[in-house]
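Q: Now for the letters of each chain:
Protein chains: 2
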Amino acid sequence: MTEAEFIAALRRMPLHPGAHGLMDDSAVIDAGPLVVTTDTLVEGVHFLPQDPPGDVAWKLVATNLSDLAAKGALVEGVLLNYPLGDSAWDHAFLDGLSLALARFDARLIGGDTVSLRGPRVLTLTAFGREAAAPVRSGARAGDALWVTGTIGDAGLGLAIAMGGTGPEALRDAYRRPQPRLTEGRALAPVVHAMMDVSDGLLIDAARMAQASGLAVTIDLDAVRLSPAARALGGEDRAARLAAATAGDDYELLFALPPDVTPPVAATRVGRFDAGAGLSLFDTAGPIPLPPRLGFEHAAPR
Amino acid sequence: MTEAEFIAALRRMPLHPGAHGLMDDSAVIDAGPLVVTTDTLVEGVHFLPQDPPGDVAWKLVATNLSDLAAKGALVEGVLLNYPLGDSAWDHAFLDGLSLALARFDARLIGGDTVSLRGPRVLTLTAFGREAAAPVRSGARAGDALWVTGTIGDAGLGLAIAMGGTGPEALRDAYRRPQPRLTEGRALAPVVHAMMDVSDGLLIDAARMAQASGLAVTIDLDAVRLSPAARALGGEDRAARLAAATAGDDYELLFALPPDVTPPVAATRVGRFDAGAGLSLFDTAGPIPLPPRLGFEHAAPR
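Quick note, the sequences are listed as chains A and H, same order.
Anchor point for the first sequence: position 37 equals 37 in full-length UniProt numbering, and the numbering is continuous, going up by one each time.
Anchor point for the second sequence: position 222 equals 222 in full-length UniProt numbering, and the numbering is continuous, going up by one each time.
The hints are simulated quantities; they were obtained by calculation from the structure and are not laboratory data.
From the three backbone atoms N, C-alpha and C, an ideal C-beta is built for every residue, glycine too.
Any given hint could turn out to be false.
As the list claims (entries may be wrong) - A few chain H residues that don't get close to chain A, going by computed Cβ distances all over 12 Å:
(1) Pro14
(2) Gly44
(3) Asp172
(4) Arg207
(5) Ala222
(6) Val260
Said to hold, decoys possible - Heads up, incomplete: computed chain H residues facing chain A, CB under 8 Å, no partners named:
(7) His20
(8) Ile29
(9) Leu74
(10) Leu99
(11) Arg103
(12) Val135
(13) Pro257
(14) Asp259
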């Protein structure tokens, strides 16, 4: 696919008014204070070469919008930096991009296309507006730790996408994560701290505690596993540890005063106290920390 | 260099207040309407593997800020998407980044680091504020076409960087372009149309004419060559055509009413008329268009 064909296809997507029809080198965004986030996905690192290109597009959009969700933002639009490859891949990518933009009411603001030999490197930058913008460092001693949805589905889904056996629903949890934009919007004004679970529940909870200067304790039995995950991987301590250290969940992790009930469906999984570090327990007692709390190299900033 | 070391080094650079000390997944920019631009540089395409890493950092910043200059913006800050490589390269890159940020009064807002095998792929996204933000489509019939600085230095410099003979000053014009931020700030409120010359004077002038629905005629003899360029490559028609079709100049190209003198040093090189297409002439008469008007695959949008 040539650059001109690719840009013509982009022009048929929902465009941000400041994009000047993608006819200029820059765009203008006039939407008040903006939340900005950017993520790069690398073929062979953040997605598999055999992943469907449309799902890669979806994931690229979804992972960025998940960061906006954690700020309670409305989606203003996205910039795309894209390496032109073979036409079939490009077309399928564009289909997935179109789907994701429509699904999340996101508009294209601009971007850049390049030629590239070697693994595909895709960058998306997302802009959000009207955000309460809680930070991850605001948790207070005594706060409860909550998380939306179920944990570990994407981790099992990755194994399935790599050739393992298991239901499509889990594989799709890995390939097409759902950013919690609606939940984030409701939570952002009331939480003390919030972030998305991108690298694993344990590592991300530890990061929130560290940023807040607190200790955090997690009840592993409280972590909610989906029926499909329980059917495939069980729900014993090992299965729960695997779920809590797998990445790509894109659920929202947040701190609330102990007497406050969140305005959206979520599960209370721990609490913050004075001190430092992460502790784990279940009904059988304290659990030694696993050597690896999550995916350490993804989505740093 | 590990990701943690790299981010620690970034934290020692000038940080945007909305960057939260690079401790969060998102940043907040509250600076009124923003001009946004993004460019990706690929090793082997936009820079040479043997280019000094510090110069690659400089060029990454400068090419993006050149787009802000064309909008007359003040620099608000930048996002960096960086592939961690070998430590020596990363350190040298950081040194160049630090230099460029300080030189252009730019602050780091955030970004993402990844691991990558294959050619380096670097993305920078730049934000500008308080821009008059002229577009490239605003030229009017009768307007004069002007350009700042000299044309073709970077094209000769690329040949030197690839092993050719010539002065360092030209090679550095290729490796360390100077975005015309001050000139852009003065020009933006008075021009009818403006853009930077990134792909070549002829192709970029043709793009401005096309976007404005006009024809443009360029007097090749009026195009200013630097003394170093004239000394190395001469100044006959062939040398001037080579200069006018080489990329990476990062000068500002703009349209002004014929009776208006620009508020900064610049050279009048042509005029816009009703019609379409690009025409060239010099004192010897009309010049057939060369088969290639510039670098067609760089920095599309």
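Q: Are the hints correct? Go through all of them and say.
A: Comparing the hints with the structure gives:
{"no.": "1", "hint": "Pro14", "in the structure": "holds, 17 Å"}
{"no.": "2", "hint": "Gly44", "in the structure": "violated, 7 Å"}
{"no.": "3", "hint": "Asp172", "in the structure": "holds, 24 Å"}
{"no.": "4", "hint": "Arg207", "in the structure": "violated, 9 Å"}
{"no.": "5", "hint": "Ala222", "in the structure": "holds, 24 Å"}
{"no.": "6", "hint": "Val260", "in the structure": "holds, 23 Å"}
{"no.": "7", "hint": "His20", "in the structure": "holds, 6 Å"}
{"no.": "8", "hint": "Ile29", "in the structure": "holds, 5 Å"}
{"no.": "9", "hint": "Leu74", "in the structure": "violated, 14 Å"}
{"no.": "10", "hint": "Leu99", "in the structure": "violated, 23 Å"}
{"no.": "11", "hint": "Arg103", "in the structure": "violated, 21 Å"}
{"no.": "12", "hint": "Val135", "in the structure": "holds, 6 Å"}
{"no.": "13", "hint": "Pro257", "in the structure": "violated, 21 Å"}
{"no.": "14", "hint": "Asp259", "in the structure": "violated, 27 Å"}
Violated hints for the displayed structure, listed by number in ascending order: 2, 4, 9, 10, 11, 13 and 14.
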